[in-house]
Structure formats: structure tokens, C-alpha cells
Amino acid sequence: MTDLLQSVVNGLLIGAVFALVAVGLTLIYGVMDVINFAHGEMVMLGMYTSFFAWSLLGLDPLLSIPLAGVSIALTGALMYFGAVGRVLGRSPLAQVIVTFGLQVFLRGLAQFLWTPNTRTVPRPWAAGLRWEIGPVVIGGPQVIMAVGALLATGAVAYFMNRTRLGGAVRAAGEDPAAASLMGIDPRKMYALCWVIAGLATGVAGALLMNSYSASPTAGVSFVLMAFVVVAFGGFGSITGAALAGLLVGVAQGVVGLYAPSYTLAAALALYLVVVLVRPQGLLGTR
Amino acid sequence: MLTVRDLHVDYAGVVALRGVDLRVGAGELVALVGANGAGKSTLLAAVSGLHRPVRGTVTFLDEDVSGLPAYRIARRGAVLVPEGRRLFGHQTVVQNLLLGGYHRTAAEREAELARVYELFPVLAERSGQRAGTLSGGEQQMVALGRALMSRPKLLMLDEPSLGISPKFTKMIFEVLAEIRRAGTTMLLVEQNLRAALELADRAYVLQTGEVVMSGPADELAASDEVRRSYLGL
Ligand SMILES: Nc1ncnc2c1ncn2[C@@H]1O[C@H](COP(=O)(O)OP(=O)(O)OP(=O)(O)O)[C@@H](O)[C@H]1O
Ligand SMILES: [Mg+2]
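Protein chains in written order, with UniProt numbering: chain B, 1 to 286; chain G, 1 to 233.
Simulated from the structure, these hints should not be mistaken for laboratory data. There could be a bad hint or two in this list.
The following label-pair restraints were derived from C-beta to C-beta distances [stated by the list, open to error]:
1. 83/G with 57/B: 50 to 60 Å
2. 105/G with 3/B: 52 to 62 Å
3. 264/B with 106/G: 47 to 57 Å
4. 175/B with 198/G: 53 to 63 Å
5. 280/B with 62/G: 47 to 57 Å
6. 86/B with 218/G: 50 to 60 Å
7. 14/G with 117/B: 23 to 33 Å
Glycine is no exception: its CB is placed at the ideal position from the N, C-alpha and C atoms.
Just chain B, same shape as in the assembly:
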């Protein structure tokens, strides 16, 4: 029972990170109908940014959150203006090839520049924290990652659902021609989606350095979960992604308790069930 409670708590904590990674993915899909296969690589670049902020400048991962967020936001803008924005309106296949190409390119670049070795920040500040609530033990890095991820996810949801600019982004996603009749430039809104996705993945990368290692393929497992989360929450729904992130985290945590080697399989099974039973996801509209 204690074990179960512990794994539910662990699942919720890591689920928050899944949600943050999923937010940018679902945003880009919801607004532009583009699947960003290089999303995990954006997380990976965020992790490296945070790692080098520590190794070169001595910054704790918590302090490099703004730096990683801004760097990957710029990377997102570069990816949009340099590649994705150039194939808008072309066949979906062209867009797949472009984002998949970015994935291969960024992974190769990381391997070339920084070798395939894993890079770890030893003893981040958060590692010194630890809480015991009854029988449940909660590690500092897990709490810090979850709190940071929830705040960042909430900020993106607030921006999209409550601000004027966020409304314009959603309008451009729903009907770009109609949005342009309001004087809104849909392409600017698309670029903004990539900037926001970059911010979210950059922040996620820095948060993750509290407990994970950077490597050229470090983003893979998180983005796999994020794909499940996006489908589960409803393609394009940010609130759905936040909710689904937590649920997938818990599912993964609980399955991990009984069959540790099946956590990924469990998430993918959940994905299949969702796609078959409720194709539009929890809060999706299509």
C-alpha cells in the first residue's frame, strides 16, 4: 500500500514534466497541424544548455532555467523561419520530412559537438532537499521539477486561454484566412507557437538536469511520453495535455511498481486504448 502510494506520488511528479513537454507539441499541432518530430531534441538542447551553464558558469540548473528557456525559444524561432515555415501549405509529408530531418540533424549535431557521452550536473541544489510525509518520501529534485513544470504549463495555458495574443494564436489555428481578415498575420502566430514551444522545452530541459543526464538522445523517452500525452489529452488541447500528463505519469509509476520493464509499454498501451476508444482524447474537439 505504501509502495503504491509512493509510486502514485512519483508518477504525479514526473507526469508534470510530461505535461510541460507535451504542451509545445500539442500547441504546434493544434495551431498549425504540424507534428514536430524534433520536439525531443529541443528538450535535449535545453538540457545541454543547462549543463553548460553549470560547467562553464557554475550555475545551478534552477538558475539556468531562464537561459535555457530563452535559448531554446530562439532555437524554435530559427527552426520555424529556417525550415518549417518554408513548407507551410505543402503536403503533410513535406512537413513530416522537415521536422524529422531537424530531429536527425539536431541529434547528429549534438553528437558531433558534445560526443555521445552523458553529462550530469553533480549535486544540484535541489538534491539536498528531501521530505517525508508519513510513509512517502519525496526527493527535492522531483518536487522542484514538478513545481517548475506545473508553473510553466500553467503559464502557457494562461497565455493561450486568457490573453488577447493567445486568442489571436487560437484564431489563426482555427481559421487562418478569417484571422487574416481581422488583421492578424497567421505566420507570425505560427512563429510564436515555435517560440512558446521552445520556451517550454528549454525550461523542461533545465528542470530535468536536476535529476537526469544530458545526451544526444536524452529527449527521446520524454517526447515518447509526450506523444502519448498529446493524444490522450486531445490533440491541440493544452488543458487536456496538462491533465493527461499527470495521468500518464501515474500510470507509468504504478506499472513501474509491478513490472518495471513495462513502463513504456504501458504508456503506449494507454495510447492505443485512447486512440481506439476516444480518438479525440480527453478534452479534444476533433
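Put chain G with the ligands on the given structure of chain B with help from the hints.
Just chain G with the ligands, lined up with the frame of chain B:
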């Protein structure tokens, strides 16, 4: 205010407009009529920048706007209420309206919103409702209100009465008359000819991509030829 010269538009090789000339003077209400498929919507799409003309020019407020992207033309004050309304169905009524005033100051938006609610009180009641769940007539009010939010210099309307009840059509036309009294220039495409020609100063009759007749609205309405051959009355 608006001058269209020798406008040619096609859809992947299929010709939709072949050399259209049209003018709308400041303060005028000009009607554009013609059978289904004549090219009325295409003309409005080309003027508003949704479609790039193959040849010809569109001059708005003494500037050549042909080939400019739609969002730039809208910001200059030529605003289209498109065919089929094209509301943001997932957003609420008030969100749709505010998007219409996207490029104005907060104070201007508030003032304009109050004016739209005055014209369409039912929209104030429905302000929190998702636009996609409204009836056709109410949706048309939102579409018109949304366009008014930007205080357009030229308001283009594509069949505002299409698919809505006579009661709502009457209401829409009353509002158009009121907007016009307030001095807004309008280019109106409309199937409801009686109503359109009654309201308009001048009219153009479009047939298979060409202007076949134009003149003062009352003359066109009285012309037997127009009634028979082009308007199917
Ligand atoms: N997206 C499109 N692709 C191809 N052809 C089109 C397209 N839109 C319109 N057309 C063609 O262009 C011509 C003009 O169409 P348009 O919609 O402008 O006519 P309309 O006068 O607005 O008709 P309606 O009264 O039915 O709205 C028609 O022959 C139509 O078939
Ligand atoms: Mg039409």
C-alpha cells in the same frame, strides 16, 4: 475609395473573373449581384487579399493594394464579412468580437463593443457562449459585429442573408441601413435583390466573371432586362 481595374482571377487555371472594373466612392453603398458562380465572392476575396489576382489592380484609398496579404489590407480598413461567416467557433461571442478589434486600443475596443451590443442586444446576452453553438442568424450578427469592431472604412459583405430566417435578414438589413447612415462605405453581395437594390446607391451585375451591367440601383431594379435575364425575377 475603392477602384478595381481590369481584374483577372483564376483558380488553378479555371477563370473566375475576366477583366472586372468597379468603383466604390466614399460613403456609397454599392451592390454586386449576379447568379450563382458569377464570381461575386471571388471579387471580394481578391479585393480583400485572400486571393491573388492574375492581372489588374485594386486601389484602396489611393494606394495600390493588389497582391498585399489579407492581413495588411484589413489593417488599412477594407474589411470583409466572408461567405459562410467564418467565425472562430471554439471561442466565445465576445472573444470573436474582440478579435475583430485586434489592432485597436483597449479603449477603442471597449467603445466599439458597446456600440455593437447596442446594434445587436442579443449578442450581449450571449457574450459568453461559444460562437459555434449559435443559430445561423446570430452567427451572422457576430460576423457583422466582428467586422464593425475595427471601424472599417470599407465594409464588404458576402451574402449576409444566406441561410438565415427572414426575421434575422430584416434585422441585418436594418443594421446595414444604420451603419450606412453613420457614413460607412459598403460593397454588398446579396442574393436578396429587392433588399439589396433598395438599400444600394449603385449596383453592378456580374455574369460569368464579367460586369454586364451597372448603374444606379433604382434604375437597375426597374429595368425589365435586368429583372428577366440576370436577376431571375
Ligand atoms: N476554391 C475554388 N476552386 C476552384 N474554383 C472555384 C473556387 N471558388 C470558386 N470557384 C469557381 O469560380 C467561379 C466563381 O465563383 P464565386 O464563388 O466567386 O461565385 P459567386 O458569384 O460568389 O457564387 P455564389 O452566389 O454561389 O456564392 C465559379 O465558377 C466557381 O465554380
Ligand atoms: Mg459567393
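The hints, checked one at a time:
no.: 1; hint: 83/G with 57/B: 50 to 60 Å; result: 58 Å, holds
no.: 2; hint: 105/G with 3/B: 52 to 62 Å; result: 59 Å, holds
no.: 3; hint: 264/B with 106/G: 47 to 57 Å; result: 49 Å, holds
no.: 4; hint: 175/B with 198/G: 53 to 63 Å; result: 32 Å, violated
no.: 5; hint: 280/B with 62/G: 47 to 57 Å; result: 50 Å, holds
no.: 6; hint: 86/B with 218/G: 50 to 60 Å; result: 53 Å, holds
no.: 7; hint: 14/G with 117/B: 23 to 33 Å; result: 60 Å, violated
In this structure, the earlier hints numbered 4 and 7 are contradicted, and the remaining ones agree with it.
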